[in-house]
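Model the placement of chain B on the given structure of chain S, informed by the hints.
Those protein sequences? They're chains S and B, same order as listed.
Under my numbering, the first residue of the first sequence is numbered 1, with each subsequent residue one higher.
Under my numbering, the first residue of the second sequence is numbered 445, with each subsequent residue one higher.
In short, the hints are calculated from the structure, not lab data.
It should be emphasised that the depicted structure is a prediction, and the values quoted were computed from it without experimental measurement.
Every residue, glycine too, gets a C-beta built ideally from N, C-alpha and C.
Careful, some of the hints might be misleading.
[Claimed, not checked] With beta-carbon atoms standing in for the labels, derived distance ranges:
#1 B:Asp497 to S:Lys426: 42 to 52 Å
#2 S:Lys324 to B:Asn459: 32 to 42 Å
#3 B:Asn459 to S:Asn262: 55 to 65 Å
#4 S:Asp53 to B:Asn459: 31 to 41 Å
#5 S:Asp12 to B:Glu585: 21 to 31 Å
[Stated by the list, open to error] EDC-like mimics (lysine to aspartate or glutamate), calculated; alpha carbons at most 20 Å apart, straight line:
#6 B:Lys453 to S:Glu310
#7 S:Lys32 to B:Asp613
#8 B:Lys458 to S:Glu425
#9 S:Lys430 to S:Glu210
[As the list claims (entries may be wrong)] Beyond 10 Å from chain B on every Cβ pair, some chain S residues (computed):
#10 Asn5
#11 Lys258
#12 Ser305
Number of protein chains: 2
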Amino acid sequence: MRPQNIIAKKRDGKNLNGEEINAFVSGVTDGKWADYQTSALLMAMFVGGLNADEQNALTEAMLNSGEILDFSDIEQPKADKHSTGGVGDKTSLIIAPLVAACGVAVPMISGRGLGHTGGTLDKLESIAGYNVNLSTAEFKEIVKKCGFALAGQTADIAPADKKLYALRDATATVESIPLIVASIMSKKLAENLDALVLDVKTGSGAFMREFDDAKNLAAALCRTGNAFGVKTEAVISDMNQPLGKFVGNALEVFECVKILRNETDAQMLRTLELSIELAARMLVLCGIAETIEDSKSKIQKVLESGAALEKFRQNIECQNGDAKICDAPEILLDKNSVEVVVKAAKSGFVNAIDTLAIGAGVSKIGGGRIKVEDAIDYAVGYQCEKNIGDEVIAGETLGVIFCRNNAQAELIGEKMRDAYKLGDEKPAEKFELIMSAVGQKHSE
Amino acid sequence: MRPQNIIAKKRDGKNLNGEEINAFVSGVTDGKWADYQTSALLMAMFVGGLNADEQNALTEAMLNSGEILDFSDIEQPKADKHSTGGVGDKTSLIIAPLVAACGVAVPMISGRGLGHTGGTLDKLESIAGYNVNLSTAEFKEIVKKCGFALAGQTADIAPADKKLYALRDATATVESIPLIVASIMSKKLAENLDALVLDVKTGSGAFMREFDDAKNLAAALCRTGNAFGVKTEAVISDMNQPLGKFVGNALEVFECVKILRNETDAQMLRTLELSIELAARMLVLCGIAETIEDSKSKIQKVLESGAALEKFRQNIECQNGDAKICDAPEILLDKNSVEVVVKAAKSGFVNAIDTLAIGAGVSKIGGGRIKVEDAIDYAVGYQCEKNIGDEVIAGETLGVIFCRNNAQAELIGEKMRDAYKLGDEKPAEKFELIMSAVGQKHSE
Numbered sequence: 001m002r003p004q005n006i007i008a009k010k011r012d013g014k015n016l017n018g019e020e021i022n023a024f025v026s027g028v029t030d031g032k033w034a035d036y037q038t039s040a041l042l043m044a045m046f047v048g049g050l051n052a053d054e055q056n057a058l059t060e061a062m063l064n065s066g067e068i069l070d071f072s073d074i075e076q077p078k079a080d081k082h083s084t085g086g087v088g089d090k091t092s093l094i095i096a097p098l099v100a101a102c103g104v105a106v107p108m109i110s111g112r113g114l115g116h117t118g119g120t121l122d123k124l125e126s127i128a129g130y131n132v133n134l135s136t137a138e139f140k141e142i143v144k145k146c147g148f149a150l151a152g153q154t155a156d157i158a159p160a161d162k163k164l165y166a167l168r169d170a171t172a173t174v175e176s177i178p179l180i181v182a183s184i185m186s187k188k189l190a191e192n193l194d195a196l197v198l199d200v201k202t203g204s205g206a207f208m209r210e211f212d213d214a215k216n217l218a219a220a221l222c223r224t225g226n227a228f229g230v231k232t233e234a235v236i237s238d239m240n241q242p243l244g245k246f247v248g249n250a251l252e253v254f255e256c257v258k259i260l261r262n263e264t265d266a267q268m269l270r271t272l273e274l275s276i277e278l279a280a281r282m283l284v285l286c287g288i289a290e291t292i293e294d295s296k297s298k299i300q301k302v303l304e305s306g307a308a309l310e311k312f313r314q315n316i317e318c319q320n321g322d323a324k325i326c327d328a329p330e331i332l333l334d335k336n337s338v339e340v341v342v343k344a345a346k347s348g349f350v351n352a353i354d355t356l357a358i359g360a361g362v363s364k365i366g367g368g369r370i371k372v373e374d375a376i377d378y379a380v381g382y383q384c385e386k387n388i389g390d391e392v393i394a395g396e397t398l399g400v401i402f403c404r405n406n407a408q409a410e411l412i413g414e415k416m417r418d419a420y421k422l423g424d425e426k427p428a429e430k431f432e433l434i435m436s437a438v439g440q441k442h443s444e
Numbered sequence: 445m446r447p448q449n450i451i452a453k454k455r456d457g458k459n460l461n462g463e464e465i466n467a468f469v470s471g472v473t474d475g476k477w478a479d480y481q482t483s484a485l486l487m488a489m490f491v492g493g494l495n496a497d498e499q500n501a502l503t504e505a506m507l508n509s510g511e512i513l514d515f516s517d518i519e520q521p522k523a524d525k526h527s528t529g530g531v532g533d534k535t536s537l538i539i540a541p542l543v544a545a546c547g548v549a550v551p552m553i554s555g556r557g558l559g560h561t562g563g564t565l566d567k568l569e570s571i572a573g574y575n576v577n578l579s580t581a582e583f584k585e586i587v588k589k590c591g592f593a594l595a596g597q598t599a600d601i602a603p604a605d606k607k608l609y610a611l612r613d614a615t616a617t618v619e620s621i622p623l624i625v626a627s628i629m630s631k632k633l634a635e636n637l638d639a640l641v642l643d644v645k646t647g648s649g650a651f652m653r654e655f656d657d658a659k660n661l662a663a664a665l666c667r668t669g670n671a672f673g674v675k676t677e678a679v680i681s682d683m684n685q686p687l688g689k690f691v692g693n694a695l696e697v698f699e700c701v702k703i704l705r706n707e708t709d710a711q712m713l714r715t716l717e718l719s720i721e722l723a724a725r726m727l728v729l730c731g732i733a734e735t736i737e738d739s740k741s742k743i744q745k746v747l748e749s750g751a752a753l754e755k756f757r758q759n760i761e762c763q764n765g766d767a768k769i770c771d772a773p774e775i776l777l778d779k780n781s782v783e784v785v786v787k788a789a790k791s792g793f794v795n796a797i798d799t800l801a802i803g804a805g806v807s808k809i810g811g812g813r814i815k816v817e818d819a820i821d822y823a824v825g826y827q828c829e830k831n832i833g834d835e836v837i838a839g840e841t842l843g844v845i846f847c848r849n850n851a852q853a854e855l856i857g858e859k860m861r862d863a864y865k866l867g868d869e870k871p872a873e874k875f876e877l878i879m880s881a882v883g884q885k886h887s888e
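Next up, chain S with everything else stripped away, as it sits in the complex:
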């Protein structure tokens, strides 16, 4: 099967069959397809779309391009959560210990940050010694031992996705629902899960800015997960403002430890609320709880008892990190960092926050990556003090930049301030944290 023929078929708006999609994915994996042929087909797929059969075939071929984890020797149900990415989105570090403490195994393969979004692996690496580069054997061993493990995608998991994602990023073919679904699900299905909960973000700091796009993506993800025998649900959550109190790697881990220590303050509440919402669904899907309410009370118990914190401590030890942060989270904060206040230029109500600008600002001073190869400064970040709907007085603190020097603060200070759109009236829209949910019952 010549690549040209397969490309031409999709180019002309026809549907590809399973054999053709397999030929494509194995050609990508073994290098028989040149990158320029792959990107031509990706563009044809982007423009022409994929139907459900094609999307499933693509997901399956990408999944089968690599290893599928074997957890047959783990008795507990296995579940994971995946987020489409946002600013200050740190729920993985709370959900994994919560759910593990309730008896669910969580084999969580995560990613790194790029652009304005953070990545769980980067956050974890702000814990001294924490190792996210686990072999498959180590990964499984840690899941078995402490209930969850957090690691990067090895070369063995969906290698086709690694190649395709790099090409999509360079060729403006990222924002395609079927391609996103195949990319996410090929990795998640390799975890051999019983249940999967997706956190699809929408709003000014999300990949899917429009609610309808997020809903379509959520539905496609659920449809695909369930088609492959994984009980899958999605929550559409608000990313019109950073999630919780902190943005920035060490600062976000600090927030998580505070929450796991039951030291949640008002500004951290949304982080906890979303974590519980997602975790509760995981437990129900795994059959650990009957209802969401039942599930939430179980979660509340392991949080209050300190069992979740203990799980986190155990995991940090298993992954060679400095577990003392569980007792003294302030260890995470760099004493040499400079804190610069961002002040409101006028009085008014916060009507909107350009969340992408906040994420991009933190990236710009080293908290994230502009390019894949950029190094990260774990200490820098931003503390959110005001949310949408809050009233502020001219000169009042909107937030605090954690940086290395005043030059960095000057570089981004104005942009951070301008990210807050102030109006004379309280905004009509409330931006509920949980905007919608797509259950497996609703999926086709």
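Okay, now just chain B, sitting in the frame of chain S:
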């Protein structure tokens, strides 16, 4: 300007401005765009199309990626002919000497064969010693000296086109009118012509099988040529059967020399007829003749007087070829070739000919290239004995395969025979050689 932004714009159905198209073409030329980015944009252009402004901007950028020939020291008007390619299409070798003998300079940059279509350069190289690899200086010198030169595209002429064409061929983005137009015209405009006549083929052996597609391509080519100040006309000619008597490199040169020697036989007539039609339009566009009739009588004169043959001889000498073929064209025929007759399996009228199959058959035994790097056997080919509308009796000769051994004849014999669709009735359609013409007056 990031490639991704330009790709995304076209992907989303928007029009690119001149600056964006220039950034693309210079990125392709200097290697700043990766091949996979280029092919993604080519696919987006293929699917989304280009409007007239974009097409002109692309043509201009590709033209300006290389050298534009300077013929300011040549007094005669300069004209060229370009064909979209077919089977047995050998008119360049007749037109160039005819037109040159009438006082027009013909700086003809030609191509090589690929797939079922032949290439002028390959045909010329079947003349012992003939050199098509000329420097720009040599090329110009030969045009000046004998009125025409035939050479390959140097690295200096439209280098962006070379890269783009290779990528299009590998990524199923060839058959796009705006991309074809930019490719053809960027090279032809580099010849700094006064006039250009295009031979757009249509039918079973043509790139554009459908008449309407051919007509659209012809119109787009004329529009572009005239927009750049070159008087451009197109003829749409029939490629539902091979043109003239022979298919195959040396055999086609043999046919041309026979025609230039006024030894045209019945089966060669269509070759001569099309050559005169195209040449006549070149003379009118150059102002050498007032009307097509006037032009045709001038051409008839230089043909009958032997002046055109002398021009060809002079050119062969200039390009280091063996000019004795002008006196003894049979030198071109390989005495060691085996001639195997293809016979009709039943009686009937030739209703259709699968011209592509004939061209592909000749390629298969070495007369053309399956892959770009294939070597050519100049001696092999095919002699056409029957045309559409002819009556044949079972066992009668349809054509003759010129090959190296019987194994080759067996390899393609059946396919050559099956290329002739025989019916009980004479076909209704006549397939006129000249199907339509698109004049510069008709173009927008």
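10 Å Cβ clearance of S:Lys258 from chain B: holds (39 Å)
CA of S:Lys430 to CA of S:Glu210, is that 20 Å or under? Holds: S:Lys430 and S:Glu210 sit about 16 Å apart, inside 20 Å.
Could you say whether the range 32 to 42 Å given as a hint is met by the Cβ separation of S:Lys324 and B:Asn459? violated (60 Å)
Is it true that the C-beta distance of B:Asn459 to S:Asn262 lies inside 55 to 65 Å, as the hint says? holds (58 Å)
Between B:Lys453 and S:Glu310, is the straight-line Cα distance small enough, at 20 Å or below? violated (51 Å)
Pairwise beta carbon distance, S:Asp12 to B:Glu585, judged against the given window 21 to 31 Å: With Cβ atoms ~47 Å apart, the hint is violated.
So is S:Ser305 really clear of chain B, every C-beta pair being over 10 Å apart? Holds, since 49 Å exceeds 10 Å.
Pair hint outcome, B:Lys458 versus S:Glu425 [Cα-Cα no greater than 20 Å]: violated (38 Å)
Would the pair S:Lys32 and B:Asp613 pass a check requiring their Cα atoms to be no farther apart than 20 Å? With Cα atoms ~16 Å apart, S:Lys32 and B:Asp613 stay inside 20 Å; holds.
Does the Cβ distance between S:Asp53 and B:Asn459 fall inside 31 to 41 Å? At roughly 34 Å between Cβ atoms, B:Asn459 and S:Asp53 fall inside 31 to 41 Å, so the hint holds.
Can you tell me whether the CB distance of B:Asp497 to S:Lys426 sits inside 42 to 52 Å? Hint holds: Cβ distance 48 Å, inside 42 to 52 Å.
Taking the shortest Cβ-to-Cβ distance between S:Asn5 and chain B, state whether it exceeds 10 Å. With a cut-off of 10 Å, S:Asn5 comes too close to chain B, as the shortest Cβ separation is near 7 Å.
Checked against the numbered hints given earlier, the structure breaks hints 2, 5, 6, 8, 10 and satisfies all the rest.
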